[in-house]
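**Q** The lines below spell out each chain.
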Amino acid sequence: MLLRRDRTGAADTESAAPVHNRSIRRRDSLAAYAFLAPWFLGLFCITIGPILASLYFSFTDYSLIGDPQWVGLDNYREMLGDARLHSALKVTFTYVFVSVPLQLAMALALAMVLDRGVRGLPIYRSVYYLPSLLGASVAIAILWRRVFGANGLINQVLAFFGIQGEGWVSHPDYALGTLIVLNVWTFGAPMVIFLAGLRQLPAMYYEAASVDGASPVRRFWTITLPLLTPIIFFNLVLQMINAFQTFTQAFIVSSGSGGPSDSTLFYTLYLYQQGFGSFDMGYASAMAWLLLLIIAGFTAVNFFAAKYWVFYGD
Amino acid sequence: MVTDSRRSTPSTAGDVRTTPRGHLRRALIHAGLIGFGLVMLYPLLWMVSSSFKPTEEIFREPGLIPSTFTPSNYSDGWTALQHPFHHYMINSLIVVAGAVVGNLLACSMAAYAFARLEFRGKKLFFAIMLMTIMLPIHVVIVPQYILFAGLDWINTFYPLIVPKLLATDAFFVFLMVQFIRGLPRDLDEAARIDGCGHARIFLRIILPLSMPALATTAIFTFIWTWNDFFGQLIFLTDPDMYTVPVALRTFVDSTSQTSWGPLFAMSAVALGPIFGFFLAGQRYLVKGIATTGIK
Chain A
1 MLLRRDRTGA
11 ADTESAAPVH
21 NRSIRRRDSL
31 AAYAFLAPWF
41 LGLFCITIGP
51 ILASLYFSFT
61 DYSLIGDPQW
71 VGLDNYREML
81 GDARLHSALK
91 VTFTYVFVSV
101 PLQLAMALAL
111 AMVLDRGVRG
121 LPIYRSVYYL
131 PSLLGASVAI
141 AILWRRVFGA
151 NGLINQVLAF
161 FGIQGEGWVS
171 HPDYALGTLI
181 VLNVWTFGAP
191 MVIFLAGLRQ
201 LPAMYYEAAS
211 VDGASPVRRF
221 WTITLPLLTP
231 IIFFNLVLQM
241 INAFQTFTQA
251 FIVSSGSGGP
261 SDSTLFYTLY
271 LYQQGFGSFD
281 MGYASAMAWL
291 LLLIIAGFTA
301 VNFFAAKYWV
311 FYGD
Chain B
1 MVTDSRRSTP
11 STAGDVRTTP
21 RGHLRRALIH
31 AGLIGFGLVM
41 LYPLLWMVSS
51 SFKPTEEIFR
61 EPGLIPSTFT
71 PSNYSDGWTA
81 LQHPFHHYMI
91 NSLIVVAGAV
101 VGNLLACSMA
111 AYAFARLEFR
121 GKKLFFAIML
131 MTIMLPIHVV
141 IVPQYILFAG
151 LDWINTFYPL
161 IVPKLLATDA
171 FFVFLMVQFI
181 RGLPRDLDEA
191 ARIDGCGHAR
201 IFLRIILPLS
211 MPALATTAIF
221 TFIWTWNDFF
231 GQLIFLTDPD
241 MYTVPVALRT
251 FVDSTSQTSW
261 GPLFAMSAVA
271 LGPIFGFFLA
281 GQRYLVKGIA
291 TTGIK
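So the protein sequences, as listed, match chains A and B. The numbering of the first sequence is our numbering, which starts it at 1 and goes up by one. The numbering of the second sequence is our numbering, which starts it at 1 and goes up by one.
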C-alpha cells in the first residue's frame, strides 16, 4: 500500500499548482536545489561517493597506511575460500530466515487479538512496543547475556522446575537461538504497522461474510490475510533488511568475538573484525559489496515474488 | 499508509460484549494479554530490581524484591570506569543534540523541496532518496572511515553529526515528505500570491504546521542515536570521547562475576532516557511507525 503510493506519489503535485509563468517556475527550481543542497552534498560525499570508493577499495590491498595496492580480484577469490566468511553467511541467513517469520507471526497474532475492540488497547500497544525501542541497545544485549547465562534468569526459573539448564549464550548450539529470541522480542514495531493496516480493511467484506455465516477462522484466511498481504510484504522487506544488519547484540553477547565457535559471527561482525580489527580495508570493502548485493538481491526477489502473493484490492 | 479508518472494530466485538459467555471470553483475553505483557517485560523489571541487589543475589534470585536493598551499585558503577559515568552521558548528549538539530534542519528542507517544489530530475532524486533508506551503513562505513580519517575527524563527534546535517537519514526526509504532502496548499498559495518567497513560506507556514512530524523526527533521532553502537564504536576509540554505549561495552568486557550489580545499575541508567522519551512521546512514536513503518 505504502510502497505503491511512493512510486506514484511524486507525480501528484504537478497538477495542483496553477503556475504558468516561466520565470516563477525557474525560481522554483532554483529554490528547490537550494533546499536540497545539504541533501545533495550528503548524497554524493557520504553515500554515493563511499559506495563507489568501496568498489574501488575492494580490488585493492589497503591497511590505511601507505597507498592502496591494486590486487584485482584477489579479495573476491579469497572470499570464496574463507571458511569463517561462509560460517558468517550461514549464521546470518539462519538468523534472518528463522527470526523474521517468527517475529512477524507474533506481531500479526497480537495485532489480530488487539484489533477485536479490546479495552485498554493503547496500554497494551505501548507495552508490547517498548522492546522495539530498546532492543538494539547495548544495555539490552548486556541484560540478555545475563538472562541466558549459565546462572542467569532463565536457568534460575528452570531450576525451580528441577531442570538443569545450559549456559545458553556460551553454548555453540544455543547462542544464536538466544539472539533469535531477542529479535522476536522486538515484534512491537511490525505489530503497530499491522494494527494500522487492520484498521483500514473495509467492513463490507466482513458484513458479507457474516451474512453468509463464515466462521472466524475462515474469515481470517479468506478475507483478513489476503487483504493484509501488502502490509505483510512491507513488514517482511523491512524486517529482513534490518535483520541482515544485526550487529550490536552479537558483538556484546560474544565480546566482539562472534563466539562460541563462531556461532554468533554475524556478517556485519565479521566485516567489522576484518575492517577495524585487522584493518584489512580491501577485504572489508569486498565484503561490504557482497552484503549490498545480497540485500539488493533479496529485496528484488521479494518484490518479484510479491506479484504472486501480494493482493492489491483496489 | 493510514488514510482513514473505515472500520472501527470487526462485527464480532458487538456480541462478545453482551452475553455472559462474552464477559468470560473478554476476561480471558485480558488475562492472556496481561500475562503475555508481564513475560515480555519481566527481563526489564528484573534488570531494574537486580540493579538494587547485591551481586551474589543476581545469580541466585529470579524474583523482583531485593533481600537487601543495595543502592551502592549505582555509586560503584558510576565510578567504575576511567571517567565518572556522567562524562559519557554528556558525550552522548552532545552527539544526540547534534544529530537531532541536523535531522530537523536538513531533512525538513529536503522534504519541502520534494513535497512542494517542481524541479528537473525530481522523480529520479526521489527514487534515489527512497533507495538510500534501505542502504546498510556497513556498506559505506569503510570509505567513510577513510574519508573521516583523512579529515582527522576520528575521535571527534563530527563523523556522527555532520552526516545528519547533510540529510543522510533519508528515512526522516521520507517521513516529512509524506506529512507535508498531507498539508493543505491553500495557505502557501495565498502566501505566494502575497509575494512570499520560499524561505518565508517554509519557515513561517510549513514548519509550524509540521510540528507533529518534527516531533516524531526528534524523538526517533534521539532514541536511535542514543542507542547507536556501530558508528560510535568505530569513530570513538579514545576513552575521553566514549559515549554511553561504548562505555558500557568496555564495562561489560572488563566485568568479572563480581560487578554485575553495578553493571546492571549503569545499564538501567543508559535505558532511562529512552524510557522517558517513550513515555513522553508515545503518541508521536506510534503515529510515526504507523505512517512510515520503521521501528
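Source of the hints: derived by calculation from the structure; they are not laboratory data. Beta carbons are placed, not taken as given, at the ideal position from N, Cα and C, and that holds for glycine. Where hints are given, some of them may not hold.
Footprint (simulated), chain A over chain B, 3 or more residues, beta carbon under 8 angstroms [what the hints assert, rightly or not]:
1. 79-87
2. 146-154
From the structure, some residues in chain B lie toward chain A, with a derived Cβ separation under 7 angstroms [as the list claims (entries may be wrong)]:
3. Pro43
4. Leu45
5. Gln282
**Q** To test your reading of the hints: which numbers does this structure violate?
**A** Hints 1 and 4 are the ones this structure does not satisfy, whereas the remaining hints hold.
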